[in-house]
Structure formats: C-alpha cells, structure tokens
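Trainee: Modelling step: build the complete structure from the supplied sequences, incorporating the hints.
For the sequence shown, position 127 (counting from the first letter as 1) is numbered 127 according to my numbering, and the numbering increases by one without interruption.
These are calculated hints, taken from the structure and not from any lab test.
Where is the CB? At the ideal position from N, CA and C, for every residue including glycine.
Warning: the hint list may mix true and false statements.
Here are the simulated distance ranges between beta carbons [to be verified]:
hint : residue 1 : residue 2 : range
1    : Phe142    : Pro110    : 15 to 25 Å
2    : His82     : Trp158    : 29 to 39 Å
3    : Gly91     : Gly58     : 33 to 43 Å
4    : Gly139    : Leu93     : 38 to 48 Å
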Amino acid sequence: MKPPRIGQGYDVHAFGPGDHVVIGGVRIAHSHGVVAHSDGDVVIHALCDAVLGALALGDIGKHFPPGDERWRNAESRHFLRHVRQLAADAGYLVSNADVTVICERPRIGPHAEAMRVNLASDLSIGIEDVSIKATTSEGLGFTGRNEGIAALAVVLLWPHR
1 MKPPRIGQGY DVHAFGPGDH VVIGGVRIAH SHGVVAHSDG DVVIHALCDA VLGALALGDI
61 GKHFPPGDER WRNAESRHFL RHVRQLAADA GYLVSNADVT VICERPRIGP HAEAMRVNLA
121 SDLSIGIEDV SIKATTSEGL GFTGRNEGIA ALAVVLLWPH R
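Mentor: Structure, rendered in structure tokens:
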C-alpha cells in the first residue's frame, strides 16, 4: 500500500480596488478587493498548493496559469475540486486540512464555519476534518499594515486503493 502524503501551501494577495474579498469560498464585504487573476481566494489557493505539493505535481500556477484567460475572475472552488480529483486519480483521498489565514481585516471568525462547510464539500470530507484559524501580524509587515492577506495550509492525503 502507498504511504500517506503531507503537503503544505502558502498564498498571498495584495489588497486593491473593490468592496469584497473571497476567502474559503465565502464572499465577505470589505473595504478592498484583492489583486488577482481569479477571485484571489488565498485559502483555496494555499489548499490547492498543499494538495498539489503532496502529490508532487507542481503548484497552482502550473495547473491554472495566471496568463490563461479561461481563469480570469474564476471561482477558486473549481480549482480545489480539480486538485481533489487529481488526488483521487493518483489513489489518494484528502484526510484532513488545516488552514491559517493571516490578516488584520476582515475578521475571519464570523465566517469560519461557512468556510469549513465549503472546503469540506469541495474536498469530499467531513466538516470535522477541516480547520480554519485566523491570526493577525500584530501590525507588522504587509498584512499588519493592511496591504494584503495571506494563508497557510497543510493537508494529509491518505491512500484509498
């Protein structure tokens, strides 16, 4: 039997013009949008990189190039469902996912459960297998200055055949 595999991912987007952000598949009203080719969902982008990394299949940019017009303003949940299927095709299921969002604003806590529901659905796992945490940068760095948002993700892939 194949061994389990672990992957980690990171994503960051600068804030720009707009009135909302999409985080974990949840549209959240905010004073800014993000500068991105797709919807700029840092949580899902970090998760995609974690799954792809565990599979040794490169990064999200390899699979969904930012210069490809098909992905302009695309909903990132599509990306997550795609990488989950790549894992299944390779003989793996996502066992669990742990995500940390790093920003001063918007507040993540009020939206964390909705994010967990979305991610669990897209990864075909139980909500109890998805963790969303948030932290600030205590006013330090680009996230601390409210210039952008970042996310870290870790996943465990478990062999299913």
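Trainee: For the hint 29 to 39 Å, verify it against the beta carbon of His82 and that of Trp158.
Mentor: violated (19 Å)
Trainee: Does the hinted range 15 to 25 Å hold for Phe142 and Pro110 at CB?
Mentor: Given about 23 Å between the Cβ atoms, the range holds.
Trainee: Are Gly139 and Leu93 spaced within 38 to 48 Å by their CB atoms?
Mentor: With a Cβ separation near 40 Å, Gly139 and Leu93 satisfy 38 to 48 Å, so the hint holds.
Trainee: The hint says 33 to 43 Å between Gly91 and Gly58; measuring C-beta to C-beta, is that right?
Mentor: Because 18 Å falls outside the window, the suggested range is violated.
Of the numbered hints listed earlier, those contradicted by the structure are 2, 3.
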